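Participant: Residue-level listing of the chains:
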Amino acid sequence: MYSASDLRKNLKIQIDGEPYVITDFQFVKPGKGQALYRCRLKNMITGSQFDRSFRSVDSFEAADLQEKKMQYLYKSEGKYTFMDSDTYEQVELTEDQVGDAVNFLVDNIDVEILFYGDRPLGVTAPNFVDLVVTQADPWVKGDTAAGNSKPVTVETGYSLQVPPFVEQGERIRIDTRTGQYVTRVK
Amino acid sequence: MRAAMIQALRRFFIHHGYLEVETPNRVATLAPEPHIDAVVSEGCYLHTSPELLMKRLLAAGYEKIFQITRCYRKAERGRLHLPEFTLLEWYDAGKDYRHLMDECEDLFLAVARDLGRGDSLSCDGVDISLKKPWERLSVAEAFRRYGGVSLEKALDLGRFDEIMVERIEPALGPQPLFLCDYPISRGALARRKAFDQTMVERFELYIGGLELANAFSELVDQEEQRDRFEQDSAERARQGKDPYPPQERFLEALAFMPEAAGIALGIDRMAMLFADKKSIDDVVAFTPEEL
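Chains as they are written, first to last, in this note's numbering: chain H, 1 to 186; chain V, 1001 to 1291.
In case anyone wonders, no lab produced these hints; they're calculated from the structure. It is possible that part of the hints are untrue.
[To be verified] Each computed EDC-like pair below joins lysine to aspartate or glutamate, with the alpha-carbon atoms no more than 20 Å apart: (1) V:Lys1241 <-> H:Asp58; (2) V:Lys1131 <-> V:Asp1276; (3) H:Lys42 <-> H:Asp58; (4) H:Lys42 <-> H:Asp100; (5) V:Lys1064 <-> V:Asp1124; (6) V:Lys1074 <-> H:Asp58; (7) H:Lys32 <-> V:Glu1166; (8) H:Lys32 <-> V:Glu1235; (9) H:Lys32 <-> V:Glu1162; (10) H:Lys9 <-> V:Glu1076; (11) H:Lys32 <-> V:Asp1227; (12) H:Lys32 <-> V:Glu1152; (13) H:Lys32 <-> V:Asp1232; (14) V:Lys1278 <-> V:Glu1166; (15) H:Lys79 <-> H:Glu112; (16) V:Lys1278 <-> H:Asp24; (17) H:Lys9 <-> V:Glu1289; (18) H:Lys32 <-> V:Asp1276; (19) H:Lys69 <-> H:Asp175; (20) H:Lys32 <-> V:Glu1289.
All figures in this text were calculated on a predicted structure; none of them were measured in a lab.
Generate the whole structure from the sequences, applying the supplied hints.
Facilitator: Have a look at this one:
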């Protein structure tokens, strides 16, 4: 159980049997008056959002969420299929549910799938992934006019800015939380 | 900026004949505020405001006193709240809350001039004029204008605080404004109004949309104060909060306390106003999360 003073951005709670994530949070309190905890809540199943204020006496159940390590298999007809490599159990997620993680999905990569009960809700990619650069403009050594970065595309189709010395065919490490280049890998 | 502002505040009070005092931060008891909770410290409480001890100094004969001190309030954290913050509190014997409104105007003007700002401040792209007099609006009128329901109805429904923060405070605008005359349940240490026994002489000062200061014409009637404390203690008990020890020494001192006006001003929020910052985090060296 959470009390109102535990509320904060990104906390996941359960209201009327459905999981919600707090996407925006404000603590307000009039002089000598009761504290109000103003939240913007996003339903983790439907994605619908609404605002609600809670009082300090309110309490909340934690959303019954579990993460499970699964392997990405393939994409077919707009659905992404993942498999538990111990039980061989498979689940399908929609493009919306996969979200930004789609930028980092290569075959057989291990990811965390978020479940509400039996229901898959989303995907978290590993913090760092190594991907092959499939398209990059060549770098002319000494060309300082080109600036400090250039755009490249990696094997998943994701585009990002990298230092000018990165060449096509090289592997680079990307921080999936920011989507940014970290380093070249051999 | 913050340091220069605090130095300007001190100069103002010293120039106007106030004595700077210090009272303990660890105290034996506190006013039983229904919605303010203290942190326990080895059998004592960290004070949530220096009010009771400063009033005992008034009762002991100190007529004009001020204090700048850290205060501690449990579970208060937000864009405008820190669980440990700096309060400026001052008392003036023989005066009432109207006098404090005039004095607030003079204080902000003096600090602004001292900091080379002239008579106006810029806040979030809006010019705020500090020229006297500032608007004075009663709480009842604010409910009529902005609340959507009358003050009486809001109290009956138990929605006073909610309507205050959701509808009234956002409608008050950035210019300086005194919101005055609160219902008696919202000012346990304030004197009743002479012509309306259901209301007390309390005001809150707003500038730039920030609630900056809270002031009373102080209640000095010992028996009435005892009754009001009992009501507030009952409200705390109803919410399942631990009681504070009896405030006997304070109540005894009240018999000797002169009529007085008292006010508490949030230094951090005042620094937000003068530095044009949107979050209290931007005017302190460390937030609790950075410790």
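Participant: Given the hinted pair Lys9 of chain H and Glu1289 of chain V, is their alpha-carbon gap at most 20 Å?
Facilitator: Distance of about 14 Å is within 20 Å: holds.
Participant: Is the straight-line distance between the alpha-carbon of Lys32 of chain H and that of Glu1152 of chain V 20 Å or less?
Facilitator: holds (19 Å)
Participant: Starting from Lys32 of chain H, check that the Cα of Glu1289 of chain V is at most 20 Å away, please.
Facilitator: The hint is violated at about 25 Å.
Participant: Measure nothing beyond the straight line between the CA atoms of Lys1278 of chain V and Asp24 of chain H; if it is 20 Å or shorter, mark the hint as holding.
Facilitator: holds (16 Å)
Participant: Between Lys32 of chain H and Glu1162 of chain V, does the CA-CA distance stay at or below 20 Å?
Facilitator: Since the Cα atoms of Lys32 of chain H and Glu1162 of chain V sit roughly 12 Å apart, the hinted pair holds (cutoff 20 Å).
Participant: Could you grab the alpha-carbon distance between Lys79 of chain H and Glu112 of chain H and see if it respects the 20 Å cut-off?
Facilitator: Measuring from Cα to Cα gives roughly 17 Å; hence the hint holds.
Participant: Can you confirm whether the C-alpha distance between Lys42 of chain H and Asp100 of chain H stays at or below 20 Å?
Facilitator: holds (17 Å)
Participant: Is the hinted pair Lys42 of chain H and Asp58 of chain H satisfied, with a Cα-Cα distance of at most 20 Å?
Facilitator: Given pair Lys42 of chain H, Asp58 of chain H holds - Cα atoms ~19 Å apart, limit 20 Å.
Participant: Are the Cα atoms of Lys1241 of chain V and Asp58 of chain H separated by 20 Å or less?
Facilitator: holds (15 Å)
Participant: Between the alpha carbons of Lys32 of chain H and Asp1227 of chain V, is the straight-line distance 20 Å or under?
Facilitator: holds (19 Å)
Participant: Please verify whether Lys32 of chain H and Asp1276 of chain V have alpha carbons no more than 20 Å apart.
Facilitator: Not satisfied, since the Cα-Cα distance of roughly 25 Å exceeds 20 Å.
Participant: Taking 20 Å as the top limit, are the C-alpha atoms of Lys1278 of chain V and Glu1166 of chain V close enough?
Facilitator: Judged against 20 Å, a Cα distance of about 18 Å means the pair holds.
Consistency note: the structure conflicts with the earlier hints numbered 5, 18, 20.
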